[in-house]
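Asks: These are the residues of each chain, in order.
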Amino acid sequence: MRQFLSFLWLSLLSISVFSSSAAADSDYHEQLNLRPLPFSGLLASFNFRSNTTVSEFEKGNFRFFPRSLGQILQHAGTRELHLRFSLGRWDAETWGASPWDGAREGGTGVELWAWLEADTDKEADHKWLTLTNALSGLFCASLNFIDGTRTTRPVMSFQPEGDHSTVTNMHLLYGVLPHEVVCTENLTPFLKLLPCKGKAGIATLLDGHKLFDASWQSMAIDIRPICPPGGECVLQIEQTIDMVLDIDRSKRPRGNPIPRPPPGHELPCDASKPYHSHDTCFPVDHAANQEWSLSQIFGKPMKGTCPLTDPAVPPVCLQVPDSRSVFVSGGVREKKNPNHISRCFDIPPSTELEMVLPAPDDVTAQSTVPTDIVTPKSPLLYAERSFTGHGQERGGVQTILRNPSPDTAVDFIYMESLPWFMRIYLHTMEARVAGHSANKSSLIQQVYYRPAVDRARATQLEVRMRVPPASTVFLTYDFEKSILRYTEYPPDANRGFDVAAAVITVLNKGQIQGEGESTTKSGGGGGDGGTTKGGRFAAYTLRTTTLLCSLPTPDFSMPYNVIIFTSTAIALAFGGLFNILVRRFVAADEGPEGGLAMVVGRLKGRLLGLLKGVKGR
Amino acid sequence: MDGAKVTPGRTAGLYVGAAVLRLAIFTLLPGLPDLLTGRVEISTPVTSFKRLQEGLFLYNHNVSPYDGGVYHQAPLFLPLFSLLPSFASLPIFTYLLYIAVDLLSASALWKIADSGEAGSSALFTSSRREKRWSGFVIAAVFLFNPFTVATCIGRSTSVFTTCAILHAIAKAVAGAPLGAMVALSFASYLSMYPLLLLPPLVLLCYDRQRPERATKSSLQFAGICASIVAGVVAILFQMSYFITGSWEFLPSTYGVQLTLSDLAPNVGLWWYFFIEMFDSFRSFFLAVFWLHLSSYVGGLTVRIRRQPLVVMTLLLGIFAIFKPYPSISDTSLFLALVPLYRHVFPLMRYTFVSAAVIMYASFLGPAFYYLWIYAGSGNANFFYAITLVWGLGKSLLVCDLMFAVLRDEWEVERPEMAGKEIRQI
Amino acid sequence: MLKLNLQRVVKYVDRLPLFTRLVIVLAVALEMAAVLPWWDIRAWGRLEPDLFNVWTLYRANTYPLIHTDVIHLIVNLFAVTPLVERFEAEYGTLTSLALFFGPLSLLPAVIYVGIERFLLRSNTSIMGASIWGFLLIGMEAIRAHRTTPYLVIRGQPTIPMWTTPIAVLLLTAVLMPGSSFLGHLCGLAVGYICGMGLIKLLAPPAWALRLVEDKLNLRLRVPYYVSMDQVAHGRFGVLPLTTVGAVPTSVLQLRRDPRILKLPPYLSLLCILVGAAWLFLLPLDRYSRRTYISENALLPGQVHTYFGGSDQNVFRAYKHEVNELVGKSNAEFNDKLEPIVKSLGLKTARQNFTYHAAGHTYSGENLYAILQAPRGDATEAIVLVAAWENVKHEVNRNGIPLALTLLRYFKRWSLWSKDIILLLTPDSIAGPQAWVDAYHDAHDTSRVASLPLKSGLLQGAIAIDYAQENRFESVHIVYDGVNGQLPNLDLINSIVNIAGGQMGIGTTLQEMWNHDNGYPDRLRTMLRGMLKQGLGLASGAHSSFIPYHVDAVTLRPFGEGWQDEMAMGRLVEGTFRSLNNLLEHLHQSFFFYLLMQRERFVSIGTYLPSAMLVAANFTIMAIALWMKSGQPATPVEGVTPKAKTETPTTTAERDLFLPLGVVTLIQSLSIIPLYLFNHAPESMLTPLFATFAVINTLLPPALSHLLTHSHTPITPQQYNLIQSFSLLLLGMFLSSLATLNFSLAMITGLLTSPLSFVRPAKTQTARWAVTGLLHAISPTAVLVAGAVCWGVDVTSVLREAAVGWHVCGTYSAVVVWCVWWPAWVAGSVVVLGGRGGGQGNKIKVV
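Chains as they are written, first to last, in full-length UniProt numbering: chain E, 1 to 617; chain G, 1 to 425; chain C, 1 to 846.
It is worth saying that the hints were derived from the structure and are not from the lab. All C-beta atoms, glycine included, are put in the ideal place defined by N, C-alpha and C. Relax, there's no trap hidden among the hints.
Covered by chain C, per the in silico footprint, the following chain E stretches (three or more residues, Cβ under 8 Å):
1) 82-92
2) 487-495
3) 544-555
When the alpha-carbon atoms are kept at most 30 Å apart in a straight line, the in silico BS3-like pairs for lysine-lysine are as follows:
4) 342(C) / 251(E)
5) 604(E) / 11(C)
6) 273(E) / 336(C)
Under 10 Å between C-beta atoms, here's a sample of chain C residues computed to sit facing chain G:
7) 547
8) 585
9) 586
10) 591
11) 592
12) 622
13) 729
14) 731
15) 732
16) 733
17) 735
18) 736
Could you put together the complete structure from these sequences and hints?
Replies: The following block contains the structure:
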């Protein structure tokens, strides 16, 4: 299976190479890849890419490059920018490796990292602030909340994908908003950046309802300068949308999305059971891979192709074994790729594409790994992160890293950027191999740690690790939850605070020896395998899920009471002490009438006077 | 028991007993030390042993421990503890260090008690001074006080401050002003607030200085003492600078105590107040609280001029209540000094009440903290209320002790009033 | 300041004459009686014009003694007592009796009723002693008018004295709306008339009264009796002024005051009685409240539930699968169920656990599956628990298929914001406990395996316990957690709301199968709840979740009805939809409450005082004993001012070391039974218990013998101190426990309450009698009694305790052995400690 996959990548690779060579006539192409997944999932990954030469860009003469974004980049001195909007989680056990080797994936929420051109850190911060504010306006996301406490400067995890041989003073800044909920208002500006604005081509399939009903979806924008050997440097913007649709959920009509139980006779039953009868039914769904059609899944057929796109690139590709038959609407030419597991379709402009994938004819396919879809390749590494301990005082973080490959060890960089109110104790960090206890030194090779400063800076932790073949490693560390000022809590204080996903960058074997100096430029490699896969920095990238950290909360209705009570307590102590200090002792029976009696007497006098006054008038 | 004859055997027995008790807890209940280290009543952000380990770890890995929000303790701890074998592999040495510190404090306390300074100082001699406990009893009370034991087991670094303060007093009583001042500057270097003890300590030294080389003018004496302290502290800062390579330890160590940037709950009155405080008034109230804390020094020193040791005792009691980050170790220090005044116990009026309140609070505190943090069924007000009660109980004790001492002084003036009903006007 | 008031009050109350006392007592008693649910005493006793006829003449006497509420009572008593006292002091007790229960109540009543009926034609009923107040004020005013006819202001007379009461009347009418102006007016009128001399006519003839007095010799027999003949002395004849006695100037004097020293026993007795009585008031409408939902996000019953239809076919199929597995081993049914769960598209995992308790081994394997929220990420989760066996060891025949069907149904929805975890455990106690411990990494890895698969924070858990075969009528909600912790009230409310409002399914609590919302049923529900809470054992698969701040309940269908499994499923679905709405963790509503009906509860503010009162009585006694121990060995009786002044030196020096040592010793001894009973194998438990009981009876005599015959014989003072310290500890433990587990604190407090009244016995017989009585309330005796009355043998009780200790971490045993038992031993030692004439007090045992 593995070599099949490499074939697949090679095929895509050839396409991209072809396109880049054909970039002369058309600097824009778009492509939709459909891949059925086990348990009636469907991975649809849209990819739009457009180039414009740097010189043109400098002149402010953007062609396919979105002007709004371009001006922001120029204003903020941004050389390379990566922006991610993600929702849900990629289920690696079932769906295998994530698309583009995870290069287009982001943690839940919004994630942004960029290389800014600046002389000093201050200047970089200032530009970063400009960038985030501008982007938040552009994408209707609260990116402007990426302030100092949410910004880190990773040193190991990220490498520029573009060519920056000319620039020397680049600063990498990384910010993440785990709590941000991605929704339609982010999709619309995203589509506006496209040359065809979602009016034609594969972009017509993108519909908010379907996109945000997907089990997992990630929108990515990557902007990087690329200098092909010989040719002049181009600034490349690549917009990607990957989503995993649940087929039977998507097949429900828009009008009536409620999953009412189907009528008894429509229920697929396992008749082999002895007790099977008209009112007793052992269900067999989820194992079979039912039929679906493009318009069912996306709610509408695809309207032609974008006229600006590079005709040499087939707009739609489907990855199913050649054994399966696919019906497409007339005029559409299907061409199978040599690797027998994928086929692409050339669509004449202004013809609607409708594609139907009938259910496989062999009904015996009931195993969890059916043969009628491409078996997903297993990722290089599985990662799962969770909290340990309970209570709102302290806790721990435990990450379970599993290396599936039987023979090769995996080197990777594990990066966390934690909020300042999680005070982590680095001396408690340990990595152990499940089962036998291996010496830690071989697991943790290098640690970069920048502790948090209260209310000013986030914790940044980058760990370079190696997981031996076919083994599971537990990475754990303790932290303490600090209690905040009552004005620093969000309105839903008792929900807890979201902790951003950890970024795990599996290093490319070709890079490991050259890893010493971390500023190795890697020839422009798109996530799609890139032109020089061997030279690419990250072989695979994955994100863990976000976490919810519940802090101790004060009583928000108490400020006045607390001030009053505490002051009273202090006043009591102070008064009592100085009372004893300043007064002098006399025997009970000597000295003037003092203490209470005196007070009472005075009060009496007052009252009488008052009474008289009252009666007077 | 009063004034019992103390043989060396009993002395050794006491120390060995205390050491064995602590060692037994360390070794037989391996879970307990870490549990206690985690308790907010014992470990505050400025004394927590876990934070110390973190700082140590960062220090040994060439990360500045002060460039972060975790470590707020004095820099000199870092070389000290990195000289010890690492805690992870050989914890026994750390345990021994802490036990030794406790025993040192006890011996200092013993000296103070045997000097009889509490009963009869240079300018004042109590009529009741015969009734006193021997140093043995007082050291035993200190060593077996549950608060002291818990602090030692919890390995809070405040035990070093306690030891330094007690030694400062012991030196002063023994008539060695230099030693006293050096010890006090160590205490102030470790945790700042002991600096407020300087005036009474100077007076104590002045009263107890040896006749052969006594400085006559008190002002001159005070000047010398103050300059000694300033010098020693300056030297310590210089050493810390050489250790950490920058001055950023100053804001991170003392700035935290001044600004209370870390609001971790503790048995004091500050944390909840400043959680709930409006941001615009925060700095103002910080100033007020510090002013309040220091306001006691002058008054007490002047009024009880004749017994500087009493002033220090009372001040320690007040600090244990109103410090920014108090813990039960401060209380244990205060409770260690109180038995010195056995002779005025009959004059105290609310001993039972304050003792009961303190006991109630020390039982209800953990319960309410559990309800707030773990069970989630109570909220922060539960624990806050208990800290209030705790503070009030201790302030009652302080007031009562002061009343008794003043009354004792007064009865020396008017012996015929002994046992009579009195009033204050 | 306190001392001042206290002493005055004490003096004053002491001097109240008989009839005044009678009035006060009657009024208070009637007010207390007013809480009786079955007898509305106010309706019975008040003066209601329309109901006023010959047969209801009694109202003419009762209405002044009855009050609308406590406030009214207090106000009136404060107003009236001094007046009545003066009146009685002047006219004598008998006269007052005759007058107040005769004309002085009747006349105003008649006038009032007349006016109401015939002039106003309305029917406003009145009650309260204020009418007497105005009557007496009126008399006083007339009398004063005779002596000084005018208030003299600035020389010339202006206001006639007799009008002053009217001012008071108006003031009252203004200040206290709701007070009957007319009623007061009538009282005042009668007062004027009497003042003018009518009273002579009204009063019974003096010779008759004098006869009665002499014949019965009341003057000597009856305390506080004010004789007729004081009339001779005129008013205030023999009455000492209230300002008699110098104002004391120190608390120390108050301490010396013997009255204050006599007070505490009564005070603490009062505390106990009030605390106990308080409980029985709680079920009343006035003290309990209707439940309500305070977390707006829950929106219970706002969603349609679609579970049903062809899901029932699936359910039947799964039920067949499960029925095949009945009787198979744990591993077998996990092997069978895991593929089924996998085929739903869920991630599954297993967990092994082994517990050792009371010589038994409780081991098994949990199977759990995670349904990942389609669009969410693993930040929060809800748990659906289905145990293979419930606590009564019935196989959960319907629950497990239902859970599976529900998960399959949930999988079709895309609206889940939280993961849903299905947990299938072999039993209802150990399995869930092991799983939750492991989920929060609080587990001992040697006995409980870690979880290979995890999700986010647990926001709630529902356990289905559906063992009964046929259709059910309503659902029983089990909510007690380990150690008496309770889930958030909002969870229970929303389930009640969904079941009742949406599905039409009834809900019950605490096995009250049919609950008419009356007082007895409410009380029974509450007491059952308290008992369960006090025992602190796990009551279902949900119990072990609650200590981790995960709100959980068990739903158990019962009864014969027409609700089928699908209805149960819809109930769970509705609850899950509500929990799914939650944005924040449940924190709004109550965590401390007593439920007495599915829609009535008492919150902590209302019920905690009872436990605190019971705990406080120990503290009071401790302080009292401390003071007593401070007194000189021979307390001066009839304290004279001279004796008062020589204070602090007479505070006897207390020798604290021995008492402290004794108490510490007893406390440390308590570790032994705790360890033994928690670590002995089951076979050993009964003999162990027997031997312990024997030792328990022998221990106090042995200790006291040791104390009395040691080289320094122990003094009564030290006994006082021993008791003082042990009571102080007890009070402290109980008051802190009351915040953690109210019921346990309450029960222990009531069982130990006699300990605060025991004194060193004077005579041999008394000593043994009291010891016997004490033994009746010793932990061992109570344990046996409880076991007998619930018809279980002691061994099983002890085994349950041990299991609870080792598996769930129940700390009830600690309370019994380390709080109750030491206090009891100390008490017995004190009782046995007295020597002949050791000191003056008698033994009091309540």
